[in-house]
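Asks: Chains as they are written, first to last, in the numbering used here: chain P, 1 to 183; chain W, 1001 to 1432; chain B, 2001 to 2322.
Check each hint, because a few of them may be wrong.
Only pairs whose alpha carbons sit at most 20 Å apart, straight line, appear in this in silico SDA-like list of lysine to any residue [to be verified]:
hint : chain 1 : residue 1 : chain 2 : residue 2
1    : B       : 2088      : B       : 2121
2    : B       : 2088      : W       : 1323
3    : B       : 2036      : P       : 178
4    : B       : 2088      : W       : 1316
5    : B       : 2036      : P       : 123
6    : B       : 2088      : W       : 1213
7    : B       : 2036      : P       : 141
8    : B       : 2088      : W       : 1158
9    : B       : 2036      : P       : 43
In silico contact screen, one side only, chain W against chain B (beta carbon under 10 Å); selected entries [stated by the list, open to error]:
hint : residue
10   : 1183
11   : 1191
12   : 1198
13   : 1202
14   : 1205
15   : 1265
16   : 1267
17   : 1268
18   : 1269
19   : 1272
20   : 1317
21   : 1321
I should point out that these hints are in silico values taken from the structure, not numbers from a laboratory. Everything numeric in this text was worked out from a predicted model, so none of it was measured. Quick reminder that beta carbons are idealized off the backbone N, C-alpha and C, glycines included.
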Amino acid sequence: MASTQGRMVLDEGDLSRALTRIAHEIVERNKGAKELVLLGIPTRGVQLANRLAGLISAIEGISVPVGTLDITLHRDDLRLRPARALTPTLMPLGGIDGRTVILVDDVLFSGRTIRAALDAIGEVGRPATVQLAVLIDRGHRELPIRADYVGKNLPTSMQEAVKVSLAEIDGIDLVTISEVQNA
Amino acid sequence: MSGYLIRGVQLLGNDQVDLHLDNGVIAEISEPDKRLKVTGAKTVDGGGLIALPGLVDLHTHLREPGREDAETVESGTRAAALGGFTAVHAMANTDPVADTAGVVEQVWRLGKEAGFCDVFPIGAVTVGLGGERLAELGAMADSAARVRIFSDDGKCVSDPILMRRALEYVKSFGGLIAQHAQEPRLTEGAQMNEGEVSAVLGLRGWPAVAEEAIIARDVLLAEHVGSRLHICHVSTAGSVEILRWAKSRGIDVSAEVTPHHLLLTDEMARSYNPLYKVNPPLRTANDVQALRTALADGVIDAVATDHAPHPIEDKDCEWQAAAFGMLGLQNALSVIQQTMVDTGLLSWTQVGVRMSTAPAKIGQISGHGRPLSPGEPANLTLYDPSVKKVVAQSDMASKSSNTPYLGMTLPGQVQATFLRGYATVLNGSLTR
Amino acid sequence: MHRHLLSAADLSLEDAILVLDTAEEMSRVSEAPVRKLPTLRGRTVVNLFFEDSTRTRISFEAAAKRLSADVINFSAKGSSVSKGESLKDTALTLEAMGADAVVIRHSASGAPHRLAHAGWLQGSVLNAGDGTHEHPTQALLDAFTMRRHLRGGKGDLSGVRVAIVGDVLHSRVARSNVLLLSTLGASVTLVAPPTLFPVGVDKWPCSISYDLDSVLAKTDVVMALRVQLERMSAAFFPSAREYSRRFGLDSERLAKLPEKAIVMHPGPMNRGLEISAGAADGLRSVIVEQVANGVSVRMAVLYLLLGGAPQADIEYRTLVEA
């Protein structure tokens, strides 16, 4: 599958400002940061959750627990490809029962990942509420799922691919969109 | 019996001649590169073919009486004819065991009735192969089957006293004891050759020493009592050394080797496919090399197939539950070509000795293994060494199909087999 | 991954680490409030046990059920007298029932190979112990246990020194462990009387010794293997007492081990023969953990064999996409 050089959609500064805004929105909507737990969905959701936790801590002055939630074993498309390697699931101390869980992911697309995440959460505990924060919403939902907090709405076609790069993993903060032949 | 004129065949792989077969004998042979003028005979094009004396097998399991589901005298001799054999020795481990004149005569008669090759029954050494009392060897020798070779094959005559008595007893009628060399205590529950492969596969080992120790004992016994001795299916380099030593001392011992022990090693067991499960087991590459050298220089006198048919359910299972043995009659000459002729170890003339003359002499059967000259019985095989054939189920005449060669490409094919001038095989197929 | 798991030799270093890492994640499921994942829902796993082994069978059953697979237990009493009709006919029956995976324990070495390659089954075959040949999931759970205690539950086992003591000749656990541990970079020494080593062991990727005491000071893991008393009548060793004296793991020998060394045993144990009660129940013993780890490791193997697309489909798709 050939892809042309991507077109930049968010640069480092845009990304940082978007995350700051999301952090403020989370605090506003939940009237503070008490009872918040951020769960990042691997891979890049984890780094974004860590950053958001840091931003929220700076705003409210209390530390926010962060965990990671591997959703591989709850995917609905397992049978279509060879068995995938698992990534770690690490729940913070104090768990999630009765708390406000904010799921964090980099791109929201069909919604199937989030459905799997909701199933995975169900087996860990029973939060009071689950909210969803994503950096990019690229549309094309296949399930009735929506995000509560969105960094940027990015209308895309099915022939395009969105790539999120983060400094912790990719060395740079960047979001690009590119054409993909034979999607 | 109609006469045959075989045109332009290579006699023992050497001179190109015409052969005229008539009235059951070789009537005339032309000068090299000359033609015969004969009228009223059927012509067989011998171009590209090699004429060998009809092959003689010292070791075949025809399974009748008792296991007709695996093979009968008729189906087994059909396979033999397709393999170029004009005579086979049928081993005694039938059900009932061939330990009386009655059973050996039955097998002999079945062979005659089928008419595909001569069948010489082998008599058991001990009653019921039980290893306790001698069978009535004299009665079997005097029977219509005129048994001369006696063997408990399948089992070893392990009791030294019994082996000594048997060796002594057969001297009175020129009999020969053919030993299946396998020390029973060292091979209890054994599944395959004991070595690196068996260690990894977790299959109980059958150590070479269990064969060699019996051969060593028996050649010394034979020397002590002044008897002939024959060793069945030699499989190890160590056995070869003992035979070499024994012959150098003048001990009257002869030995045979199977085609599969010249080709396959214990590495084949890694697949756990029971088609490779055989007794004695497939050994190492080193053993295969030693056996080939020994067959080339005559320390091993003859090739014998140990054709061992088994029904499907006895091989279509896990290794431990499977029976020992593989087919051998039909592909023997091809395997010998691949392992001994194409490697330059034997000439076709020598193949004639190892697969016809020597076994006929060991079995003391007249009429087979004779020179290819005028006046001799017309027992011969025409073989095409140039073709390559994939071994296919549909070509096999045996009732059973337990051969690891299925799907393999082997060289050569028997084109015609003549039993006292009667064609059992023509154009590569049975004549009836 | 692969379609079958028949031998520890089937696993490359990458494969082995993948299984161990996956097992780490699976072990968390056992600690969660809901010990269940939907991953193998709709898959049928058959436990085909021709040899009695309640412990291993329960372990596989628990593993399959935690992944929501349907489990069918088939205890076939195929004795050595009854022919392979038992194996073949049984396999054909399971195939007709739609078994996605067959976990087989059999007294004949190579039975899982026949099941996998004879063309009787479409599904995956998992060797749960065949004769004296192999027991790959045992080796995996042993490696998992070693890795947790000695390498923080991550990476491979390079530099780990393992001594395996006991009836190597008849031990499928020894064979699988030698193969897997050497793949993972550990160095293995086998210790036994000479009668209990197979001819050809010198070609294995390990050292051998007849003297347990000389090995202990330089060992991070001591694994004692079960010794069957029946071996005495076949003259493998003269008496239980002599075996115990020369090769038994007792408190005196434990004291020779380095501080952080651990003691393992695949079970079931002959307390007092190959291992003393003190060694089995002492602080260094991880024998009970081995059992728990067995479920996580077997969950990982079942997931990796069955959790994705069937192998045939992958091959088809690769052809189509080419």
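Asks: Among the hints numbered above, which are violated by the structure, and what are their numbers in rising order?
Replies: 3, 6, 7, 8, 9, 10, 15, 16, 17
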